[in-house]
Amino acid sequence: MGREAWNDFRLYVITAESNHPGKSVVDVIEQTLIGGAQIVQLRNKTGSRDEVLEQAKALRELTRKYKVPFIINDYPDIVLETDADGVHLGQEDMPIAEARRLLGPYRMIGISTHNLQQALAAERDGADYIGVGPVFPTDTKPGRAAVTTSYVTEAARHVTIPFVAIGGITLGNVDLVLAAGANRICSVSAIVGSHDPAAMCRSFLRRLEAGAEESKTVVMNGREEHTRARTVEQLVIQAGQQNKKLVIELNGIIVQRALWAETELKSGDSIELVHFVGGG
Amino acid sequence: MANTEGTVWSDRYSRQTRFAPIGEKGQRKLADACVLIVGVGALGASLAQHMVRAGVGEVRLVDRDFVEPSNLQRQMLFDEADALAVLPKAVAAANKLRGINSEVNVIASVADVSRTNVEELASGAQLVLDGTDNASTRLLLSDVCFRQGIPFIYGGVAGAGGMSATLIPGETGCLRCLIGAEQSENEVDTCDTVGVLASTVEFIASLQAAEAIKWLTGNHAAMRQTWLSVDLWSFRLRESAMPQGIGNCSYCGQEHAESDSAEEANRESEELGFTVLCGRDTVQVTLGKPLDLDRLEKWLGGQGCMITVNRYLVRAKLPSGEQLVLFPDGRVLVQGTSDSDYAVRLCKAYVLELKQLI
Chain A
97 MGREAWNDFR LYVITAESNH PGKSVVDVIE QTLIGGAQIV QLRNKTGSRD
147 EVLEQAKALR ELTRKYKVPF IINDYPDIVL ETDADGVHLG QEDMPIAEAR
197 RLLGPYRMIG ISTHNLQQAL AAERDGADYI GVGPVFPTDT KPGRAAVTTS
247 YVTEAARHVT IPFVAIGGIT LGNVDLVLAA GANRICSVSA IVGSHDPAAM
297 CRSFLRRLEA GAEESKTVVM NGREEHTRAR TVEQLVIQAG QQNKKLVIEL
347 NGIIVQRALW AETELKSGDS IELVHFVGGG
Chain B
197 MANTEGTVWS DRYSRQTRFA PIGEKGQRKL ADACVLIVGV GALGASLAQH
247 MVRAGVGEVR LVDRDFVEPS NLQRQMLFDE ADALAVLPKA VAAANKLRGI
297 NSEVNVIASV ADVSRTNVEE LASGAQLVLD GTDNASTRLL LSDVCFRQGI
347 PFIYGGVAGA GGMSATLIPG ETGCLRCLIG AEQSENEVDT CDTVGVLAST
397 VEFIASLQAA EAIKWLTGNH AAMRQTWLSV DLWSFRLRES AMPQGIGNCS
447 YCGQEHAESD SAEEANRESE ELGFTVLCGR DTVQVTLGKP LDLDRLEKWL
497 GGQGCMITVN RYLVRAKLPS GEQLVLFPDG RVLVQGTSDS DYAVRLCKAY
547 VLELKQLI
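Protein chains in written order, with our numbering: chain A, 97 to 376; chain B, 197 to 554.
If we strip away everything but chain B, and leave its shape as in the complex, we get (with noise of 0.2 Å):
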């Protein structure tokens, strides 16, 4: 147990391990534990300082988008610097993690979570805690806890609600059966449709990290066994019982089926594919190869475009106002539309013209 400079602070978990249900054994299980938290937005953020600061061995963080000033106000983990160096949030929280607790091994990968990544990020963990903002990350999140044997810990904000429960392998029915796998137009309520409280997020997030450090300590019993729906405005409470699995279905029934997940991702194409990001006047747009961001920033420099540069990403201002955030893995956020076929235009006009000149 030691510090950047190889300090020995025995007393630093004093406060936890006092605490009679986790104790030095408890300790010792976080010591040794694994997290995986998908999305480092205000959930994310939240729930990696917790985990990080209660001294969790592993903590993996992933996260596809980077830090605006809009981001700020609840965001815990980035402040204003990191918003001027457009840093991507994954690598912002793990400067400032590596910073809280040295001793923890922070692993940040600026990635999007699909088919084809989720099973190896979720591999070895213990949990997954949920950062994310979308149904669609949630429900593949669940479906690859379910196959793994892993607690998934869902939690969600807008406005002054939220709302989280603890979906266990074994014991509770998965996320697709309690919601529904089907698409709906204008989804749900989201922190950029109706705002959010930066308070909300925390008291959401403080569930979500209770119910991790109970799980992670073993102490299982202690677990809260309902979904739990909140709105610190009007401060209503409402808890309901979680049910169990049902019979059928291939993740959470009695009778799993044989997954063919792997096929799934064998299959999943190195074709364009997009993303609309809820509410936000952004378009994901997925290439399907690494993009080489030195060629494209003097490209991009050469079109006219206005530049911001870091390790991790390329930031292009276009002369038509939208703006292109490139990075490694072939993913480039089309800010300024909603419009996912003209986000794809301009992919195509501004980043695979450059592929065919090489």
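This is chain A alone, in the form it adopts within the complex (with noise of 0.2 Å):
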């Protein structure tokens, strides 16, 4: 797999065996790649550095058939030994540098990042992708605070290599990530977990791609702003500023409050999004 293809990836699946017991892992990614999965990692925290070769060597030959990428977490040795594409690294694991020093220059190094500090250093020290949540708490990693979509938002805004916003996303909450400024979502214990992985794989990149309407340029409050959000309730979203009053003029008219969720935005738009002032 050339390193050019990696950046079209949308829909990342990650293992969690204890999701769902009595299946193995290797014929549930099978059941998410029949899905369209387009990434899969190997994430086993608990077996044995034999076990998480064995699984890795296994998950090796069947991405390779399904022709998607394959990424291990920590463990660049087995990544070198089984032929992965790259390494998925947390930010207490090696440092980027070494992971590089280790893979060569040709393999994937992603990062899981919790705040927009660590995501520009990351990017900095040659990252390929980052990890970008938990958005919403979730089991798969109890006990770490969510980070909420408005870092999503801010990812958008000021990362420039992949990101892919991870943890709690579910079919219920998906659209509100993308409105965030997501491009790519990775679902652990929604799709694992699921009764039909396929299926759920399938459910995902729908909503992805209906996500996916056309990239459009507006001015925001003066500046020129990419932006993928369809109506204003959604650029609001983006912005960060749902649960603020305001005040929102587009093309030089008011838009009411109640309009905002069914007025929709078209390239060339001109928004000012003001916060109602309330002194007196």
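Where hints are given, some of them may not hold.
[Said to hold, decoys possible] Here are some chain A residues pointing at chain B (derived, C-beta under 10 Å): (1) Ile344; (2) Glu345; (3) Leu346; (4) Ile350; (5) Ala354; (6) Leu355; (7) Trp356; (8) His371; (9) Phe372; (10) Val373.
Don't read these hints as lab results, they were simulated from the structure. Each residue gets a CB set at the ideal place from its N, CA and C atoms; glycine is no exception.
Hints given; two lone chains; assemble the complex.
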């Protein structure tokens, strides 16, 4: 798999064996690939190195068959041994430079980030992509505070390498994540924990495609912005202003609050978001 | 046309009537007009002054608060003596205004504008001018104005920024449609959180007053039809066209729904209510029953409180440091806390306790 194809993925799947008792990792991941998963990560925090190696070999073979990239969480040595496409690191794992030294220039390095500072550091240190999350609270990483969609929006604005929104994402909230500016999402338990992972992947892909309307260029508060927001309301969410009292002007005319959700944005629109002034 | 000593000043309004769009005809309309000004703080005091000097026949003032030293920087009708005397703002303002123009019937109410009294306060007014400091009172005023067909001239200030717009029933959308009725946690910047420039106040009050004079003198075609926002520090000014009403809105839509406000008002109970006054470390507790201030003054004095008293209110500094400001209409401003539960407990301990003893 050539590196140039890497950026195409939008639906990222990660293994989580405890989410599907009675079914093997390989069987479940094959279902996700049938459903259209575009990149797979092996994540096994509890098994021995030998177990991880064995799963990695099986998944390497499977992902080759479906022509999608294969990433291993930690274990750069197993990446080399199984000819996986890259490694995924946490903030507490080895530095990116160290992983790069071990893996050489052509394998992918991804890293989980929880705030913009970490994201920009990862970009500077040569990561190929970052995880952005957990967007919502999740059992996969208990005890970690959710970063909310506002970090997704920050990442969309400031991060230039691919970023994957992750953490507690379900069909019920994926639209919020997309509206906040994500292009790529990863769902762990909602997919591999589903009784029909293939169907679940297809559902997520449909939502990703619906969210991938043409990017448009609008002038927001005097600055040109690229956005995939369909409506004024989605733009407000992307700007992280949904909890503020705002007065919004679109092309010279105030848009009533009650009409934000149904007022569609077009390329070339000029929009002003102004905080309602309440003192007296 | 006479001052307090009965002298007629025929040229009192001469500089206003020589302005062609107003003229003698406009002046007569002003003399016949009635405006309601809600909130007599910075914007409200300035607006009141404009209306009274211009010779508006009846000016109604409503305010729930009293004069404090931090008001003097910008609230143009008040002075040090008002702050020392802890006068209610409506009363202090009316005193000054009657001295400015004795021909105007100035009616001052020390009260909190609520669903129970707003219809009556607005009834018969040709205009409602916004001198409030919070979105929920503005929404209430917008509702009643659209029900009664009265234009509402909104103004807001904070820091060096301000906004103003005239909402006209039958022509523009109502405030509820424009900004939404959702409660937002840290609502917006207020003068208490980000401060305010006195010049910003005067700028916005001046815009409101100009529109008010146009409306009251019958110059409706001259009304500014925009939502104006300004920052005086960077000097940026922006005008946005006002939208029409929304068809299905029960206030500004074409199909006016039958209002159930009278019912709502009747349903309003006499139970304890409270409002946290934004950013002020003050909670307003509504006891729902009139208070006997003479008795309360003696009782609170006996409880070790330091008492300040005037005809309109009793202020008691509690041994624990908070202050209770009691109004005869059954309201208590609890200063020194923004914890509403604690404020209610203090009212129970110091005010309702007495009622049970009687």
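Do the hints match the structure? See the list:
Interface restraint check: Ile344 of chain A against chain B, minimum CB-CB distance 9 Å, threshold 10 Å, status holds. Checking Glu345 of chain A against chain B: minimum C-beta separation of about 4 Å stays under 10 Å; hint holds. Against a cut-off of 10 Å between C-beta atoms, the interface hint on Leu346 of chain A holds, since the closest Cβ of chain B lies about 9 Å away. Checking Ile350 of chain A against chain B: minimum C-beta separation of about 5 Å stays under 10 Å; hint holds.
Of the supplied interface hints, the one on Ala354 of chain A holds, with its beta-carbon coming within about 5 Å of a beta-carbon of chain B, less than 10 Å. The closest approach between the C-beta of Leu355 of chain A and any C-beta of chain B is roughly 7 Å, which is under the 10 Å cut-off, so the hint is satisfied. The restraint placing Trp356 of chain A at the interface with chain B holds, with a minimum CB-CB distance near 8 Å, inside the 10 Å limit. For His371 of chain A, the interface hint holds, since its Cβ comes within 10 Å of a Cβ in chain B; the closest pair sits about 6 Å apart.
At a threshold of 10 Å, the smallest CB-CB gap from Phe372 of chain A to chain B is about 5 Å, leaving the interface hint in force. A distance limit of 10 Å between C-beta atoms decides the matter here; for Val373 of chain A the minimum to chain B is near 4 Å, and the interface restraint holds.
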